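Two chains, two frames, some hints: make the complex.
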Amino acid sequence: MATRHARTAARIMISPAVLLLLGWMLVPLSMTVYFSFLRYNLLMPGMEEWTGWLNYEFFLTDPAFFDAIGNTLMLVGGVLLITIVGGVLLALLLDQPFWGQGVVRVLVIAPFFVMPTVSALVWKNMFMNPVSGLFAHAAKAVGLAPFDFLAHAPLLSIILIVAWQWLPFATLILLTALQSLDSEQLEAAEMDGANPLNRFVFIMLPHLARAITVVILIQTIFLLSIFAEILVTTNGGPGTASTNLTFLVYAQSLLQFDVGGGSAGGVIAIILANIVAIFLMRMIGKNLET
Amino acid sequence: MARAVSVRRKAVVTLVAWTVGLAIFFPILWTILTSFKTEAQAIASPPLFFGFDWTLENYATVQERSDYFRHFWNSVVISFGSTLLGLLIAIPAAWSMAFVPGRRTKDVLMWMLSTKMLPPVGVLIPIYLIFRDTGLLDTRLGLVIVLTLINLPIIIWMLFTYFKEIPGEILEAARMDGADLRSEILYVLTPMAVPGIASTLLLNVILAWNEAFWTLNLTAAQAAPLTAFIASYSSPEGLFYAKLSAASTLAIAPILVLGWFSQKQLVRGLTFGAVK
Chain A
1 MATRHARTAA RIMISPAVLL LLGWMLVPLS MTVYFSFLRY NLLMPGMEEW TGWLNYEFFL
61 TDPAFFDAIG NTLMLVGGVL LITIVGGVLL ALLLDQPFWG QGVVRVLVIA PFFVMPTVSA
121 LVWKNMFMNP VSGLFAHAAK AVGLAPFDFL AHAPLLSIIL IVAWQWLPFA TLILLTALQS
181 LDSEQLEAAE MDGANPLNRF VFIMLPHLAR AITVVILIQT IFLLSIFAEI LVTTNGGPGT
241 ASTNLTFLVY AQSLLQFDVG GGSAGGVIAI ILANIVAIFL MRMIGKNLET
Chain B
1 MARAVSVRRK AVVTLVAWTV GLAIFFPILW TILTSFKTEA QAIASPPLFF GFDWTLENYA
61 TVQERSDYFR HFWNSVVISF GSTLLGLLIA IPAAWSMAFV PGRRTKDVLM WMLSTKMLPP
121 VGVLIPIYLI FRDTGLLDTR LGLVIVLTLI NLPIIIWMLF TYFKEIPGEI LEAARMDGAD
181 LRSEILYVLT PMAVPGIAST LLLNVILAWN EAFWTLNLTA AQAAPLTAFI ASYSSPEGLF
241 YAKLSAASTL AIAPILVLGW FSQKQLVRGL TFGAVK
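Line order of the protein sequences matches chains A and B.
Heads up: the first sequence begins at 1 in our numbering, then just goes up one per residue.
Heads up: the second sequence begins at 1 in our numbering, then just goes up one per residue.
Extracted from the complex, chain B is given alone in its bound form (with noise of 0.2 Å):
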């Protein structure tokens, strides 16, 4: 067993951890603390921690002179749009690879996964002129056949990684009492596979959230989603701090959250399953 850590020990490492990080999680507080601040404020020298004047202000000024809530909704739309439309077609091919595996089944989730190395600047331009052939440039149903095919290999080893640790013979035992495939899938498979598939879920919806070359290449101002909204102010008028910090706060917030709960499964999900 591991040996008694010393009081005295443990208060040094609790003191240097802690104030590391606080120091990694900085800019994300500044970011928030700011937003709640006036621009005058937020710019103020020296810098203002916590005695100024709580204020909301930001917050509504960003939805009114940008309608902000129009990019949060083209966000949800297309995070979890092109996320579900991935499961869809990921859960069967996940499902066949991890219990019906044949000689070729390395060698097809080897090669989905290349499809995931090809840098996305390679097909940048074709994918430009066909949306813009077929009026897709700038919608959100463009944007989630993107993301839904940049992130399917994705999908796809996440749910085989998690599948493959369902045991066999539970299935066989399923069908040995007569179970066909549908009901096979339906009241054996699903309830033992529906952790898997939600962390797959969270996983997907925070990558697509967060996918910003796509989106800032593909988008203007219809369907632009916070990534782009965001960018947006790189060329600023005027004081913009606290209103820049306003609408990053929002757009960072619910995504935190959901981070926060996938830890385990980003280890597992980013890494293909090569560190669990």
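So here's chain A without its partners, still in its complex pose (with noise of 0.2 Å):
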């Protein structure tokens, strides 16, 4: 067993890293908290004041933030929809033996490395745009009127631009459990007479259901703070129609320069984002013990 030497030793190794995410934690959250106490605005330095609950009054009845609300719901559920169902049917795709599996792998894995930016300006510009997008040039060769997807449909369309991004992942990580499948099981069930939609339901549904519940936990942490592809392709608009909770705080902050009230938004994504990582946290800490 460690000796106490290597119990001394472990504690000072681990401690910079501790004190480190402790430091980080704690020295902005505690000032956010604080100042979303305060009336504090950028533009009026020195004028600090203690409101007490005002800003989280104004932000909780602020008809922009129900929208954000709703918006930031449909985000994060049209993401997981299209990539939960769409990386189940990619993984049992992929699984199949196939010639150039190596080659299609690649192929489908790598949205996942293109960075926000990029991803969305090049499907706003190049596919969505009404005049030369490829969407447009596909609606007049077929006779439809071009459809302007970020005027019209703005959030469905920064639903799609993400969900591609994510696709990869969920197919991804629900190939690798697919993989893990006993292929006994599926040819003990095909002999007593399973048809392949019962095999889907009744044999590889259940093996999958931990990696999908992974999936949409992680994916949802990540795609409550969805920022940059709003930015560059909407900003938000037209009004509030793809403001998410994210870009709602980022507006009031460091465009309206309004710390106090941005502060109180920032606490209630922070509360949100935490009903989230409880359960994430439990299906990890699960795994830990095996």
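In case anyone wonders, no lab produced these hints; they're calculated from the structure.
Quick caveat, the model's predicted, so the values are computed rather than measured.
Honestly, I wouldn't trust all of these hints.
[Said to hold, decoys possible] Covered stretches of chain A (chain B as the covering partner; in silico rule of three or more C-beta atoms under 8 Å from a C-beta of chain B):
#: 1; region: 28–41
#: 2; region: 73–82
#: 3; region: 195–205
#: 4; region: 258–266
[To be verified] Over 12 Å on every C-beta distance to chain B, these chain A residues come out as not near it, computed from the model:
#: 5; residue: Gly52
#: 6; residue: Tyr56
#: 7; residue: Glu57
#: 8; residue: Thr61
#: 9; residue: Thr240
#: 10; residue: Ala241
[Claimed, not checked] Pairwise CB distance ranges (calculated):
#: 11; chain 1: B; residue 1: Asp133; chain 2: A; residue 2: Arg7; range: 37 to 45 Å
#: 12; chain 1: B; residue 1: Lys106; chain 2: A; residue 2: Thr213; range: 14 to 22 Å
#: 13; chain 1: A; residue 1: Leu134; chain 2: B; residue 2: Lys106; range: 28 to 36 Å
#: 14; chain 1: B; residue 1: Lys264; chain 2: A; residue 2: Trp99; range: 18 to 26 Å
#: 15; chain 1: A; residue 1: Arg210; chain 2: B; residue 2: Glu57; range: 29 to 37 Å
Each residue gets a CB set at the ideal place from its N, CA and C atoms; glycine is no exception.
Following this line, the structure appears as structure tokens:
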């Protein structure tokens, strides 16, 4: 067993990481909480004063807040739906034997490595642009009027862009999980007369349940904080049509310089993220035992 | 054993899989193709797929007009700087948790993970104000610090899951042979840990390279990495598709190559070991 000497050494080795993360968590977090109770505008320095829950009242009764909550839920839900359904189908496809498996895998994974600003701008200009985007060309070719995606369906467009970025992640994890499925189990089921649909519903899906949960939880953490894609495509608009909570807090604090109001929004964002985090932590914590 | 798959079935699956794969990859392919067109050809109707005059002028223009290489270098410094600094802090921590686990190890690991759940926007204002007051706004150092801290939990977790797989008996044996802590780390642990450290490095360079919340909010002209530089194309002047494509291709090419090497580690790293 480890000696006392080793234990002391271990404690010393772990302390920089612990102290840094502790500082990173506590210092800005307590500042945000403190600011959220102040009337504090960057344009009026030195005028800060305590206002109690006023910022929360304003933020929580602002119609933009409800729009942002709705948009955040739509964005997270929409992307999850597309990536999970698409990911399961793609994983089932890529799990079959075919020629060029390695190459196709590489092609499918590629979007995940494209930086958010690049994918958003490429989709916005070269695909969704109503005049010279590829979708407009395709629409004209079959005799339809081009559709201005980002003006008329801004949130849906952003959902599609983000789903394209995250589909590879879901696929990769689900494929990894699928490949760990014991093939003998499937064969036994087949011999017992289970058709492909039954094999999928009763054997594959239960086996994938855990991986799907992991995908949902991890993507949710990242999707709650979607920012760059909105900034470079719609800037949250038109109006608040594509503003999510992250973008609303950014706009409140760095565009309107309302530090107090922005901080109240930040605290609300933290509370919402924590609800998701608790579930995720339980999943991962269980895994740590084994 | 698996049944023999009929050739016909395999051919059909091949066709479907390649079609789907190419469709998903198409936006990237289209960007690369467009980067070699002239601006006029880039918006030609009907769109040109291959029948155009290949040109490199967009790449030259992007460099000349906006000093592309400086932003590229900023990305390199920020992503590698933050990853290496993170490894420096994380390796001792992960080592001690994997080999000298105490009663609290699990709690510490879970707590570290929980810091990653903190939505960045919740601490945007304090970080922005601290950076403003300390002169770290729009500096590479500032971004290296922030990205080190946000990726530190992932780095520690990845290293921990790799270190866990190194058999402890080897360390015991080394200790019996009289190796002290320093030589134990240097000559026994390090060689066995290098593959895990390399994959951790790779994945975190990718994550840092593509990080686009802090890089967009904390930089202006000076320290802007490629994420922020590309964002400047959101309010363009005149024809810009070919130039946008050239800048984008240069920005994603290196990371695509690194990314393909790190496929396997990606799953493990991003699920904190929950799916292997």
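* **Contradicted hints - numbers only** => 2, 3, 13, 15
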